[in-house]
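If you read the sequence shown in the numbering used here, its first letter stands for residue 4, the second for the next number, and so on.
In case anyone wonders, no lab produced these hints; they're calculated from the structure. Each hint should be verified, as a subset may be incorrect.
[Claimed, not checked] DSS-like cross-link-like pairs, simulated, lysine-lysine; straight-line CA separation at most 27 Å:
1) K218 with K244
2) K218 with K142
3) K59 with K157
4) K142 with K59
5) K244 with K142
6) K244 with K282
7) K157 with K244
8) K142 with K157
Remember, it's a predicted structure, so these values are computed and weren't measured experimentally.
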Amino acid sequence: MTIRIVTDSACDVPADIAAELNITIIPVYINIGDESYLDGVELTRREFFDNLPDYKTFPTTAAPSIGTFTAVYQELADHGVDEIISIHIPEGLSATFHSARLGAAEVTGATITLFDSMQLTMGAGLQVIMAAEAAAAGKSLSEIMALLEEIRPKAHIFAILDTLEFMRRSGRVGWAQFAAGTLLRIKPIVSVFNGEVGQAARVRTSNRAIREMLKMTTDLSPLARIAILHTHNLEGAESLKAQLQPLFPPDQSVPVMEITPAIGAHTGPNAVGVAFIRK
């Protein structure tokens, strides 16, 4: 039995890892004004974040079409894939999962199992990678699904935003909260856990925010997997990586990812964060 893992670009699986593990990535759409771009194909992350402060309209996202999912699944089936596990960002936060479900219904020749990661960016991507590693090791469908069910509630993200401006633009925070946060130089620490995006802490100054995020991550250690995230802030991400180094699982590479515009439009540039799966 041949098992293949499919995911979407909002899960942020690095391209080199996807190629190594035969992970198929379906790009989401980034909409800017009247133009739509395939994430990572027609619009690079560097281009997006370079221009984000100057966009006259707030960028939005759209799920891949039902037909796109059907075509991708069917092509895999036609090339001898028996089982497809399709792992995506939360159904409650995106239409991607719904499109995948409807697209799967039209496919013949392969069994398709959908899995809601209940996470964003590399919080989902780490689950995708672990599933693909299990498939490459010859694990069965039931074994891989059991692994995913085990690690999903252990996946977390913490991220420090440089400003609330882009959350205000997206409607995630109101004017009063934005004004208070700006006046007090608040650095919000955002969390993603179990399909919910929330505020883990509100800290004054960047240094305090970093210390608080390090503490929250340490409190949830030991870690099985970890990735460092940023939006147009590689220097900050590398600094965070160095400070988190004592928590790194042995013999595991730790990717540093500039996150998808689908999420970065809300965080704005200069954010840094960490995604991990607890042991």
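Hint by hint, here is what the structure shows:
{"no.": "1", "hint": "K218 with K244", "in the structure": "holds (14 Å)"}
{"no.": "2", "hint": "K218 with K142", "in the structure": "violated (36 Å)"}
{"no.": "3", "hint": "K59 with K157", "in the structure": "violated (39 Å)"}
{"no.": "4", "hint": "K142 with K59", "in the structure": "violated (49 Å)"}
{"no.": "5", "hint": "K244 with K142", "in the structure": "violated (32 Å)"}
{"no.": "6", "hint": "K244 with K282", "in the structure": "holds (19 Å)"}
{"no.": "7", "hint": "K157 with K244", "in the structure": "holds (20 Å)"}
{"no.": "8", "hint": "K142 with K157", "in the structure": "holds (21 Å)"}
This entry does not satisfy hints 2, 3, 4, 5, going by the numbered hints stated previously.
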